[in-house]
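The chain contents come next:
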Amino acid sequence: MIRARHVTKFFNRGEVNEVLALREVSLTVNEGDFITVIGSNGAGKSTFLNALAGVFPIEEGSISVADQDVTTWPEHRRAAFLGRVFQDPLLGTCPHATIEQNLALASRRGKRRGLKRGVRKADRALFREKLSMLGLGLEDRLTDATGLLSGGQRQAMTMLMATLVRPKVLLLDEHTAALDPKTAVQIMQLTDELVRSERLTTLMVTHNMAQAIEYGNRLVMFHQGRVILDVSGEEKAGLGIQDLLERFHELGGDGCVSDRALLG
Amino acid sequence: MTLYALTGAVEQGFVYGIMVLGVYLTFRVLDFPDLTVDGSLPLGAAISAVVISSGHSPWLACVLAAGAGFLAGMVTGILNTKLKILHLLASILTMIALYSINIRIMGRPNTSLLGQQTVVDQFAGLSGLAPSLAAPLLFGIMGCIAVLVLFWFLRTELGMAVLATGDNPRMITAQGVNTHNVIIFGVGLSNAMVACSGALVAQSQGAADVNMGVGTIVAGLASVIIGETVFGDRSVGRALFAALLGSVLYRVAIALALSMDLGIFSVTPSDLKLITALLVVLALTAPRIKKRLLFKRGHA
Ligand SMILES: Nc1ncnc2c1ncn2[C@@H]1O[C@H](COP(=O)(O)OP(=O)(O)OP(=O)(O)O)[C@@H](O)[C@H]1O
Ligand SMILES: [Mg+2]
Chain C
1 MIRARHVTKF
11 FNRGEVNEVL
21 ALREVSLTVN
31 EGDFITVIGS
41 NGAGKSTFLN
51 ALAGVFPIEE
61 GSISVADQDV
71 TTWPEHRRAA
81 FLGRVFQDPL
91 LGTCPHATIE
101 QNLALASRRG
111 KRRGLKRGVR
121 KADRALFREK
131 LSMLGLGLED
141 RLTDATGLLS
151 GGQRQAMTML
161 MATLVRPKVL
171 LLDEHTAALD
181 PKTAVQIMQL
191 TDELVRSERL
201 TTLMVTHNMA
211 QAIEYGNRLV
221 MFHQGRVILD
231 VSGEEKAGLG
241 IQDLLERFHE
251 LGGDGCVSDR
261 ALLG
Chain L
1001 MTLYALTGAV
1011 EQGFVYGIMV
1021 LGVYLTFRVL
1031 DFPDLTVDGS
1041 LPLGAAISAV
1051 VISSGHSPWL
1061 ACVLAAGAGF
1071 LAGMVTGILN
1081 TKLKILHLLA
1091 SILTMIALYS
1101 INIRIMGRPN
1111 TSLLGQQTVV
1121 DQFAGLSGLA
1131 PSLAAPLLFG
1141 IMGCIAVLVL
1151 FWFLRTELGM
1161 AVLATGDNPR
1171 MITAQGVNTH
1181 NVIIFGVGLS
1191 NAMVACSGAL
1201 VAQSQGAADV
1211 NMGVGTIVAG
1221 LASVIIGETV
1231 FGDRSVGRAL
1241 FAALLGSVLY
1251 RVAIALALSM
1261 DLGIFSVTPS
1271 DLKLITALLV
1281 VLALTAPRIK
1291 KRLLFKRGHA
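Here the protein sequences line up with chains C and L, keeping their order. When the letters of the first sequence are read in order and numbered with this note's numbering, they come out as residues 1 to 264. When the letters of the second sequence are read in order and numbered with this note's numbering, they come out as residues 1001 to 1300.
Worth flagging that the hints you see were computed from the coordinates, not collected in a lab. Cβ coordinates follow ideal geometry from the N, Cα and C atoms, glycine included. Treat the hints with care, since some could be wrong.
What the hints assert, rightly or not - Going by beta-carbon spacing under 10 Å, a handful of chain C positions derived as facing chain L: (1) Glu-75; (2) His-76; (3) Arg-78; (4) His-96; (5) Gln-101; (6) Arg-108; (7) Leu-115; (8) Thr-158.
Working from the sequences, and respecting the hints, build out all of it.
Below you can see the structure in the form of structure tokens.
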């Protein structure tokens, strides 16, 4: 579904604070894959997801989604293919717009926006139905300003919005990290439900090893801008936290990176 | 204050109200402080004066002025998004450039419209009302139409994308919207309204002058803030009407200040810019000062 080939990304190239954030990363994401992505701070996980989403141009390599080369496409154009949820729950929704307006904005992802009514009657019925699946009572608050909601509620809405138009790939970047533990578990369950029921191709960055092992059919580990581990199927299913730490040290995780950093 | 002065102030309030709606669109909706308006208001006036004095319809003059204003706003939007110039600076550059352009358009710094057919004359002729009543009524109707059109627009798919661009640009980009295009379009639309307002100001005052735009942004902001404070901004529709009525209040307040006679000291028209600037500073800081006072009292 996604094919990244030799993707290289520098920040501040040619300056004293130059960072090589991705070094010739190649990764093929198959249709239906649910990949958990782990790695220490600064390993390049967010940079990789942002490169896929087109937040910035890459220096070398190519990216294709559903057999279309999108390497030169700007972010808003790639959005037609991608659903995204960010770490910061405030980033995914418009605070001054109502709940129904936010969902309506998301329901036109990848479509032309013209002078038709923004929120239509038929939309409202659909939004109500979808919101009731969250079990947060939001279906009765369609015209409330989204800024009134809690971080967890907003993140749940963002999950819904990312999947309202079926994305070819769902990109989740530590989307439960800023939530309290209980809410984080709820959002993770919602994620799992949505990914399974819609059979969504998904990349999920997490610092939670247990999460990375429990969810998904494939696990990818980044280190210093490279993919140093890519396991799937049986092998992934049999993995424990201890195994992961050992593999990490074996595969170039040098001494200067502590286990804590890997664990986050 | 005489009744004549009052209707005159109301008329001005509605004429400039269309400009205030434009300022509301950039300042509040797009979160884009746009000083282009100081140049696009006289741009609209200049085009209006030239079109009317060459014998064309005063309505056509408004349409052409709006078109030119849209282009001027687009230039600011392009300078900001494509050339990465800070929004304030980008708008100042367009504003300065418009000063020269406006003189080019008129061929001189000002043009009189005395004795020419304006929209007010046509409306007075149609309705049979005296011009001093026809003018505020006509401009009031036009102001309300502008509010309704803007309200309708902000609830369309495209209008909601404009709102979202000002509210959370990263989110709306992830939802597939090219925020550059939205900003270029939004600032264009805003300046189309400002230039249309300028075209009407010229017709209402009987002249276009290249310097008539000085302080437009400050008057616009003052009106927006007065409207919000007095009428509230809980919903988009309410905020739009508040902006229009805020403009009327602002002009009436100015007329009142001018008619005050405090013995040796009296306010002259040249003091207005100072008063307006102080008013905006007060309005911008009042909420914060109020909060601080409440906070102190709560802990005393
Ligand atoms: N906008 C930027 N400008 C400069 N350097 C950046 C930028 N974004 C990321 N980097 C650098 O690129 C490297 C990779 O960062 P990235 O955010 O991808 O790491 P990460 O794996 O997501 O880490 P974390 O787990 O802390 O989120 C880091 O060294 C970081 O400092
Ligand atoms: Mg990250």
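Right, here's what the structure says about each hint:
1. Glu-75: holds, 5 Å
2. His-76: holds, 5 Å
3. Arg-78: holds, 9 Å
4. His-96: His-96(C) check passes; min Cβ-Cβ to chain L is 5 Å, inside 10 Å.
5. Gln-101: holds, 6 Å
6. Arg-108: holds, 6 Å
7. Leu-115: Result: holds, 5 Å to nearest chain L Cβ.
8. Thr-158: This interface hint holds because 8 Å falls under the 10 Å limit.
Comparing the model with each numbered hint stated earlier shows that all of them hold.
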